[in-house]
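Protein chains in written order, with the numbering used here: chain A, 19 to 146; chain B, 4 to 147.
Worth flagging that the hints you see were computed from the coordinates, not collected in a lab.
Keep in mind that the hints are not guaranteed to be accurate.
Going by beta-carbon spacing under 8 angstroms, a handful of chain A positions derived as facing chain B [what the hints assert, rightly or not]: (1) Val46; (2) Ala48; (3) Val52; (4) Val73; (5) Met77; (6) Leu101; (7) Val104; (8) Ile118.
Chain B residues, not near chain A, derived (Cβ > 12 angstroms throughout) [what the hints assert, rightly or not]: (9) Glu24; (10) Ile25; (11) Pro28; (12) Ser34; (13) Val35; (14) Thr43; (15) Ala77; (16) Lys120; (17) His121; (18) Val135; (19) Leu136.
Listing some non-contacts, in silico: residues in chain A with all C-beta distances to chain B over 12 angstroms [unchecked claim]: (20) Phe28; (21) Leu81; (22) Lys115; (23) Asn146.
Just so you know, even glycine gets a beta-carbon here, dropped at the ideal spot from N, CA and C.
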Amino acid sequence: MSLQTPLGKFLGLGSAKEGTHHWWSQRVTAVALVPLTLWFVAALLGMDGYTHAAVVAWMAQPLNSILLILLVVVMLHHSQLGLQVVVEDYVHAGGLKVLILMLSRFAHVAAGVAAVYSIVVLSVRIAN
Amino acid sequence: MRQAGGAAFGICASGVQEMPEINRPLSPHLSVYKWQVANTLSILHRATGVFLTLGALALVTWIVSAAIGPDSYAGVQAVLAGPLGLLVLFGFSFAFFYHLGNGIRHLFWDAGYGFDKHVARMSGWFTFIAAVLVTLAFWLGVAV
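Next up, chain A with everything else stripped away, as it sits in the complex (with noise of 0.2 angstroms):
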């Protein structure tokens, strides 16, 4: 016998509401790195040399540009997801699991929205 509403089976959602979202999302953007950190890692050994110029110029080419926009915020949220989970699983006191969570976000999303304004800024700057 099964204690579900006819409503919640139909949703199949547990009781966070949430269903397999976050593991499906984790799920999504694992596959999506796997093609976008070979490729970066291909771009780091084909750099000419690191030097500032060598890699802004490699930067600043459209498909690199827009490749690397996508690495960097794929990558952000599969980190944010991880970690959330960890954090979850390790962290129990209720008031530092929240803290930790929120700053968690925090850092990624801000580091994600200064990287991708560092990209668009050098691609605008370079192809003027």
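Given the coordinates of chain A, work out where chain B should sit on it, guided by the hints.
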């Protein structure tokens, strides 16, 4: 250890049920498990994941410094190319290749493949050794 059963719950004077202080056994019972490849690699997956969060922030720092200008980029590059910086970068690279390989292993499990005990152990060893070799190959590639 006291039994944690219904009888252990007392009714206080006001009639409200109160939780007795019982030293309940915690799950999972880590001490009864044999230490082996599977759990070592599982722990390593989490550890590398947490470590790679710092790697992502380092990547962002590198990108932002390049956008700010040559001077700030040189400052970041000097730290990264120093002995401690290289050691940390080496750590990031191994953590990345291991987390990537083991992540793909996890995706196979999610799809329902590779659960057989011997297959899981083999894929674990393969992933770990491959991560070591690819890390070394990567740094050879950087140096050349």
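Hint check:
1. Val46: At about 11 angstroms, which exceeds the 8 angstroms cut-off, the nearest Cβ of chain B leaves the hint on Val46 (chain A) violated.
2. Ala48: holds, 5 angstroms
3. Val52: holds, 7 angstroms
4. Val73: Where the cut-off is 8 angstroms and the nearest Cβ of chain B is about 5 angstroms from Val73 (chain A), the hint holds.
5. Met77: holds, 6 angstroms
6. Leu101: holds, 6 angstroms
7. Val104: holds, 6 angstroms
8. Ile118: violated, 12 angstroms
9. Glu24: Correct as stated: the minimum Cβ-Cβ distance to chain A is 17 angstroms, above 12 angstroms.
10. Ile25: The claim holds: Ile25 (chain B) sits with its nearest Cβ about 18 angstroms from chain A, beyond 12 angstroms.
11. Pro28: holds, 16 angstroms
12. Ser34: The claim stands: Ser34 (chain B) keeps its Cβ more than 12 angstroms from every Cβ of chain A (closest is about 18 angstroms).
13. Val35: holds, 20 angstroms
14. Thr43: holds, 17 angstroms
15. Ala77: violated, 7 angstroms
16. Lys120: holds, 24 angstroms
17. His121: The claim stands: His121 (chain B) keeps its Cβ more than 12 angstroms from every Cβ of chain A (closest is about 25 angstroms).
18. Val135: At roughly 16 angstroms from the nearest Cβ of chain A, Val135 (chain B) sits farther out than 12 angstroms, so the non-interface label holds.
19. Leu136: holds, 14 angstroms
20. Phe28: holds, 25 angstroms
21. Leu81: holds, 16 angstroms
22. Lys115: Consistent with the label, Lys115 (chain A) stays out of reach of chain B, its closest Cβ about 16 angstroms off (over 12 angstroms).
23. Asn146: holds, 14 angstroms
Of the hints listed earlier, those the structure fails to meet are numbers 1, 8, 15, in rising order.
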